[in-house]
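A.B. asks: Mind docking chain E on chain B? Use the hints.
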Amino acid sequence: MGVPARLIVCERTGRWAVALRGESAFAGVRVWETRSLAECWKLLAESPCSFLVAELTSANADDLLRRLARLEREFPGVRAAVVARRSLADHQWLVREAGAIHFTCSPRQLTPLAEAACRHLCQVEVSEPALSERMWASLPWEGR
Amino acid sequence: MPRKRITAVELARLLNSADRPIYVLDDELTIVFVNRACCDWIGPAADELVGLRAAYHSDPEISGPEAVAARLCPPPESMTAARSTANVSCVGRRGQLHYRRARFVPIGPAPDETIGLIAVLDVEDLPEPVEETTTTLESDSVQLHERIARFRRETAGRYRADRLLGDSPAIRKARRQIEVAAGSRESVLLVGPTGSGRRHTAAAIHYSRDPSKVGSLIPLACAVLGADLIHSTVRALRTGDVLGKEAERSTLLLNEVDRLQPDAQANLAGELVGRSFPLRLIATAERSPAELASRGEFLEDLAAVLSTITIELPPLAERIEDLPLLSQQFLEECNARGPNQIAGFTQEALDAMHAYRWQGNLDELTETVAEAHRQTRGPKIDVDDLPERIHLAADAAAHPPREQETIVLDQFLEKVERELIRRALAQAKGNKSQAARLLGISRARVIRRVRQLGLEE
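One line per chain: the protein sequences are B and E, in this order. According to numbering that gives the first Met the number 0, the residues represented by the first sequence are 0 to 143, in order. According to numbering that gives the first Met the number 0, the residues represented by the second sequence are 0 to 456, in order.
Please note: incorrect hints may appear among the correct ones.
[Stated by the list, open to error] Pairwise CB distance ranges, derived in the manner of DEER restraints:
1) B:R11 / E:R146: 13 to 23 Å
2) E:T79 / B:E22: 31 to 41 Å
3) E:D262 / B:C121: 14 to 24 Å
Since the hints were derived computationally from the structure, they do not count as laboratory data. Model, not experiment: these values are computed from the prediction. Ideal Cβ placement from N, Cα and C applies to all residues, glycine included.
Isolated chain B (complex conformation):
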């Protein structure tokens, strides 16, 4: 399985990532930002149990819907939520139908999304390395 689960945000501007970092549930959780769905899917391939927050825009709507619909099959361990500008609020049920577990248009109403993401990240089974491996991995500075 390799890389542990990540919180990945895919958006054009960075405003949703900023808002998500402000959620208390995400204290200490690294947010991986991507600017394109293709780039985002590469990250998902590296850590296929991640939680994805993808921004829906009128430009990427078809691509995002197609990818969401394939998500369950390509990355069954991934869960995805979708964020969008208010003008795209009508897409909510279509986006959910495609497979998103949550949809929101307001950066000020991210708490339920953040809680769901945290629950997912906590539930993901990560193969636990041995104690000595964990200590070794925590040593500072670069190894050989």
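C.D. replies: Quick look at chain E alone, frame taken from chain B:
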């Protein structure tokens, strides 16, 4: 009498006059020529098809000329003349599939150097009738509506068979139950292990109707969404605030309902038990809610409401005879996504896959096939192309789980100290004073420990 010279135009005219459908592909399976008889059979004009790839897959997600091109795909072995005939298909005017026998002739400067392929089809369709499709594109000026229609049409195709493929008694029984469920409005509970295709089956039931008459499929991830969010969503759906008239054609899919927290169970019961709910209910679970209820871990009334029809989905290990068919299906999905075209699996590879335990079920099989597809360079996936875990499965099963781990503290600490001093020195580019600062000890101690731990160069 001077010898008559034939030009490319005349060659095309000659081929166009043939009564047999003929098409030509280059070495990347791009269509470079389609004759008139072929266009008459498949529908689109030659200029719509030339330039498209005839990739080896049967992905129902694509449509239009790309879908037509995909149906002309030759099996990958035909490039090496290892296989010279196969059936190709097209969709008739009423949506039914027509098949014809195609003969493939590789062309190239040498037998092992193919630069293209000529396909010559029979004049008549094969007698075998095949499945019906129900795909009509409703035109709509509103972009969102177009999107919804397109999405549902593609989705209906995708969920038509796929993970429910197979001849094992277990999956046949599940398919019969699914057929019954698809024809009713009763609530359905899908019980099976993770990765057994529960969500897929739920979607298959929902999308089994004519795509133009299907409403929304609204999944709720019961294992991760908060009780309040689940409650507010279900209430909004019950009151008709969000879907309006579409509600009665829509389905609420409660994923992993057995993992609902007690407060969420109570909220959900308040919305669903003893009240009419406009949407059809489908729930998925790993453990049966009725069994959980008998142990007091799930609300009995809620379990009853959710499970009018209960369908058990078998783990892959219990339908291992379906593995070749499913693997081929997943392989063709991979073929559809990229340039790497693989025909199938060698017997050795299938034997190794049969011996594996598949605890992750269909999800794990999908992932394994995708990994092998990326690795494979030959025409078929061989045993060496499979991920390491498949090879190691037999060994792993034979070995007992790891025993309680122990360490020898002094040795471990010495090892850590040696490594930290080595790293600090490397970081400080060999400067012992700087390394001492990094480590928070004196320079003299660094020098002493370097000597004692044998770190001198």
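A.B. asks: Does each hint hold? Answer for all of them.
C.D. replies: Hint check:
1. B:R11 / E:R146: 13 to 23 Å: holds, 20 Å
2. E:T79 / B:E22: 31 to 41 Å: The hint (31 to 41 Å, Cβ to Cβ) is violated, given that T79 (chain E) and E22 (chain B) are roughly 57 Å apart.
3. E:D262 / B:C121: 14 to 24 Å: holds, 18 Å
Violated hint: 2 only; the structure is consistent with all others.
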